[in-house]
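If you follow the hints, you should be able to join the two separate chains into one complex; please do so.
Same order as they appear, the protein sequences are chains V and L. If you read the first sequence in my numbering, its first letter stands for residue 1, the second for the next number, and so on. If you read the second sequence in my numbering, its first letter stands for residue 109, the second for the next number, and so on.
Bear in mind the hints are in silico, worked out from the structure with no lab data behind them. Please note: incorrect hints may appear among the correct ones.
[Stated by the list, open to error] To give a feel for the contact side, a few chain V residues facing chain L, derived at Cβ under 8 Å:
hint : residue
1    : Thr25
2    : Leu26
3    : Glu28
4    : Glu34
5    : Leu36
6    : Ser39
7    : Ala41
8    : Cys43
9    : Thr46
10   : Ser51
11   : Ala53
12   : Thr81
13   : Val82
14   : Arg85
15   : Ile86
16   : Tyr90
[Unchecked claim] Dumping the calculated DSSO-like pairs for lysine-lysine here, alpha-carbon to alpha-carbon at most 30 Å:
hint : chain 1 : residue 1 : chain 2 : residue 2
17   : L       : Lys328    : L       : Lys356
18   : L       : Lys359    : L       : Lys317
19   : V       : Lys88     : L       : Lys492
20   : V       : Lys88     : L       : Lys513
21   : L       : Lys246    : L       : Lys260
22   : L       : Lys492    : L       : Lys328
Since the structure is predicted, the reported quantities are computational estimates derived from the model, not experimental observations. Note that beta-carbon positions come from the ideal geometry of N, C-alpha and C, so glycine has one too.
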Amino acid sequence: MRPGLSGTRALAGAALLMLGAPSGTLAEDALQLEVLAASCANCHGTDGNSSGAIPRIGGRPQAALARQLRAFKAGTVEGITVMTRIAKGYSDEQLDTLARHFAERPRP
Amino acid sequence: MHRIDRRTMLARLGASGALALAPSIARGAAGRGVVVGGGVGGAPPAKYLKRFDPALDVTLVEPAARFYTCPFSNLVLGGLRDMASIGHGYDELVSRYGVTHVRVSAEAIDTAAKTVTVSGGEKLEYDRLLLSPGIDIKWGALAGYDMAAAEKAPHAWKAGAQTELLRRQLEAMEDGGVFVLVAPENPFRCPPGPYERACMVAHYFKTHKTRSKVLILDAKDRFSKQPLFMQGWQQVYGDMIEWVPISKDGKVVRVDANAREVETEFGTRHKAAVLNVVPPQKAGNIAAAAGLVDEAGWAPVEPRTFESTLAPDVYVVGDASIAAPMPKSGFCANSQGKVAAAAIVASLAGREAPQPSWANTCYSTIAPDYGISVAGVYAIAEGKIVQVPGSGGVSPMDASAEFRKLEAEYAVGWYESIASDTWGTA
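Excised from the complex, chain L in its bound form (with noise of 0.2 Å):
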């Protein structure tokens, strides 16, 4: 497709970057880019190709207007923020940057002809090709729980309408009511997320609901930050949060969302008041349909550059890609974006890609005065991607009030500035 065909479809797309589409045509692009996907892991290697080379032709495939974070999205269950609050919009991106935003979805990608199909049918042509995908749920890994089960019982484990639910939900809640959390086995996105929920439904129902109990039933034995969180449970909630891990029958097995009830692998029922299940995951469909990911479902990359195995000129980052050690994060998303934007600059340039470093700060708020983290630094040693000896780790234990104060306000501070490095200011 010529650029002048791609113009005409944007402006039928009423895509919002049709002004800044007129510089890039008049000079010449240096090259296409085409991201996929305008979340944390996505919307960040769309603004830094661009800071790398104003001359590439960027186009952000991304079908809604705002994007509402996993991160965070915790705190407006708990009430410490609003939904407006996690929303993020691409005015910044198309402005100040230059990258055109098409709102559409990505249908298919033949990465031989090096195209992408979005809804309506066009098709984008790309050089190079960086997906940001996210995850989507494996509806029926988990018996009984599908797309209509998540109705029901919803997951909220990817931010917006669900999270929303789960929120109504909560509020309608009768005091004495249990919420019972279902937690997956790994991998999945966010690995501390479901222990920092149940502290912000606690939160909530400490503030509201004081008879009410939280339950975790877990697919795990161990967690992220687990002794952490198992402290703060107990210094600031009490008995309120019970875990129940796979040895001592947490597993869930059978999902009822009808009767909101739950079974486990050794028949052991448990009925809830509200219940929220974090469901199997997978890479995000497109990622499967352009024959991305292996059996499991996520996408395998080339450590140094995040470019797929499976096909050229396709790179894949975020909660999608297989990037252990490093955890599947916003923060790592973000991280993984931007190198994955210098190796594709310097790809298109006939240069090696440069040698790659990503850190990972992940904080979890266990009351709106309690904050704690996880931090580590990743290079590439041997061909494969290793935590830098010697760095990172959690926060320390038994850690005074005043140092739990300051993670939680810097989780805050975090969050600022990770939305404004990813979308802008707007």
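The shape of chain V in the complex, shown without the other chains (with noise of 0.2 Å):
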């Protein structure tokens, strides 16, 4: 029912895989990534970087992005308005690797 895992597993290797993809094509594991992530650039901002209202995520500690995401989705965190009902939607391994993307996003 949840969206595949099987392309966003091996994405410690992601970067290197880009190298040997043809013609600037991003491979498959990191192009299912940016599927992925593509959600979260609506509120967020394109790779994270709102400046607005809406908290920035890109450049982010992986590690209190992934506490957060879990949190969310939990239901344990008071006063949330969205997030719970966004976050529900992902699996915990899906949170863990959107975690890892955003925290690896450059800072504008």
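What follows is the structure in structure tokens.
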């Protein structure tokens, strides 16, 4: 039911795989991760670099992002508006993957 | 058409991306992507195609220099924003990402020859085409409502001149009048839009014309975020907003725009001081011209990729596509556009499309300090789009004033972020 995880497991190697990809196309795993992360940009900005009222997630520490996402999903944080509803749409593994992805985004 | 021909053509057209084109010629593009429509569904795939593969030659066909968004156009009507704040240009797509923006309209598409004929008669060749044509009005589907009628009784369901016309009518209206909003049957662009509009008009009345009323005549008995809207109307506007569902004779069957009068199914006539008709809709006209729509006028697509089921190598995203249970929202259009861009890149590389994942968060502003939302995460199950079980849903009923205020602030934050993700910061 959830989006497949097969493409997002070997992310540590994504950068290396990119080197081998033809004509600058993102490698399969990296492209899969971009798809998973693409929705986050709608509120948090491209690469998580929000400049408005919604918190910036790009370039923040991975552990903090992962902990927060899991807490949103568990519903254990008070006063959360929409993130509990959204985090429940992802597996724990996907949330961890997203945390790593956004932690690695460069800050502008 | 060879690329050099295209460059000549672009020069004639005054393309803003002519400089960006040169490097891709030198390098040899990995494929030609053409995107038709520079709205919230089309601009993101143009940008993300280049992010996913900078070697692609990406052309965005959009006649406007600035695009005015339907999201937040209700806030312009309410006086919370001005038009300039909902207009966005293409400079960053061109200068930072290397998208070629041609300021022309797509007039015909030959899906066999894989060409797009643009205004002026030139043809653009494509390897993959993505259409995000938005909606067009089914003129005449509601008796009396044609293009001329829309100049008297605006729809304002495409932002721009229609938004400004409706705002001017509200400003010119004498206090004590009734604003009548005609709401359509499903499906239509922005399901909560008519009800947010009622709030924003009521906000204007509450702050400027306190004896005036809002009357919604609806062709439905249920609508998006209904309990939250009805609670908000009561809490913020008292009896200023009245909603008449189809079961209480709310369905309008005839419009007299000159008299600003409408007639319902059972013959009740309502006279408006300002008449706003949200009419029946269909996919943007170019989709039908290209043979990409069904009998109802919307574009069927493969759920996983949003490739048309009616033509190969053509993708249709946003309001024009049939994507239920995803709503026809700006957030979904952006989300679909980016996932389709990834599918296109994979397809050009001869690979399988990535597993899709989409989301939606749709805020409605009831008052400047009162926001509500609906959210959802979407995936593929058994070949169909489904909302991931357990995800999503609407804001809680009876929430605190702080909660509502936070969602109103997040609505603004969302707008800034999605506009930036879609068009850039310009």
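Now for the hints, and whether the structure bears them out:
1. Thr25: For Thr25 of chain V, the interface hint holds, since the closest Cβ of chain L sits about 4 Å away, which is under 8 Å.
2. Leu26: holds, 5 Å
3. Glu28: This hint holds: Glu28 of chain V lies near chain L, its Cβ roughly 6 Å from the closest one there, short of 8 Å.
4. Glu34: holds, 6 Å
5. Leu36: Status holds, d = 5 Å.
6. Ser39: holds, 4 Å
7. Ala41: At about 4 Å, which falls below the 8 Å cut-off, the nearest Cβ of chain L leaves the hint on Ala41 of chain V intact, so it holds.
8. Cys43: holds, 5 Å
9. Thr46: holds, 5 Å
10. Ser51: holds, 7 Å
11. Ala53: At about 3 Å, which falls below the 8 Å cut-off, the nearest Cβ of chain L leaves the hint on Ala53 of chain V intact, so it holds.
12. Thr81: holds, 5 Å
13. Val82: holds, 5 Å
14. Arg85: holds, 5 Å
15. Ile86: holds, 5 Å
16. Tyr90: It holds, given that the least Cβ distance between Tyr90 of chain V and chain L is near 7 Å, below 8 Å.
17. L:Lys328 with L:Lys356: holds, 10 Å
18. L:Lys359 with L:Lys317: holds, 27 Å
19. V:Lys88 with L:Lys492: Status holds; Cα separation ~20 Å.
20. V:Lys88 with L:Lys513: holds, 23 Å
21. L:Lys246 with L:Lys260: holds, 17 Å
22. L:Lys492 with L:Lys328: holds, 26 Å
Checked against the numbered hints listed earlier, the structure breaks none of them; every hint is satisfied.
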